[in-house]
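Protein sequences appear in the order of chains W and F. Under my numbering, read the first sequence as residues 3 to 116, first letter to last. Under my numbering, read the second sequence as residues 7 to 120, first letter to last.
Take the hints with a grain of salt, since some may be wrong.
As the list claims (entries may be wrong) - Listed below are the simulated BS3-like cross-link pairs for lysine-lysine, each with C-alpha atoms no more than 25 Å apart in a straight line:
1) K61/W to K108/W
2) K5/W to K68/F
3) K65/W to K19/W
4) K17/F to K108/W
5) K61/W to K19/W
6) K108/W to K65/W
Because the hints were derived from the structure by calculation, they are not lab data. This structure is a prediction, so every number in the text was calculated from the model and none was measured.
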Amino acid sequence: SQKIEQNSEALNIQEGKTATLTCNYTNYSPAYLQWYRQDPGRGPVFLLLIRENEKEKRKERLKVTFDTTLKQSLFHITASQPADSATYLCALAHSGGGADGLTFGKGTHLIIQP
Amino acid sequence: DARVTQTPRHKVTEMGQEVTMRCQPILGHNTVFWYRQTMMQGLELLAYFRNRAPLDDSGMPKDRFSAEMPDATLATLKIQPSEPRDSAVYFCASGVGDTRYGYTFGSGTRLTVV
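The shape of chain W in the complex, shown without the other chains:
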């Protein structure tokens, strides 16, 4: 069966360090992968998209990698800040255009300690 796995345990990182979150998937051939941030009581907010033919994508302090051989994406936040504390969700598109909707992992709760 298809699975998207993110570390269910909270990740505690000291302020200023790089936080790295992992998204593993099985039985998918995704055209692209997206990362979202979710704060308590709010809906997910889109952060980054990376396509299957891209190895890396950056946006300000964020970096995403996508390894279709390992079936894994890594999400990095450099120079982390307490305001980065949130739950981060990865999501896979079923088809090339995303027309079939996204399937989400359950998310990793990130805590940045001052």
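Assemble the complex: chain W is given as a structure, and chain F must be docked to it using the hints.
Relative to chain W, chain F alone:
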């Protein structure tokens, strides 16, 4: 900033009652999704529309759930009759055909069925 508006934000209802949740997608977005989020299951895709036409509702319990998009500014999700296991946060999201921009989620409707 453009927003996806969901109403009501909170709903407490008795088992067996009808529940209607509403969503106003962002003007110009032609794709609308309904997701349900619980601690156990995470975000689950219930149904989605493109250009107001339903494309897939295989994630929805058909006997009690229905989703419609009577016009481009309104999407509805109905549960009749509601059951305690329907208690969850229901999110609406909208997007354009180009998924480089991801999807924009509303703040959700927190439903409690007692």
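Each hint, compared with the structure:
1. Among the hinted pairs, K61/W with K108/W is consistent with the structure: their alpha-carbon atoms are about 23 Å apart, no more than 25 Å.
2. With a C-alpha separation of about 24 Å, the suggested pairing of K5/W with K68/F holds against the 25 Å cut-off.
3. With a C-alpha separation of about 14 Å, the suggested pair K65/W and K19/W falls inside the 25 Å cut-off, and the hint holds.
4. A hinted pair counts as satisfied when its Cα atoms are at most 25 Å apart, and K17/F with K108/W qualifies at roughly 24 Å.
5. Between K61/W and K19/W the alpha-carbon distance is near 17 Å, which keeps this suggested pair within the 25 Å criterion.
6. Among the hinted pairs, K108/W with K65/W is consistent with the structure: their alpha-carbon atoms are about 20 Å apart, no more than 25 Å.
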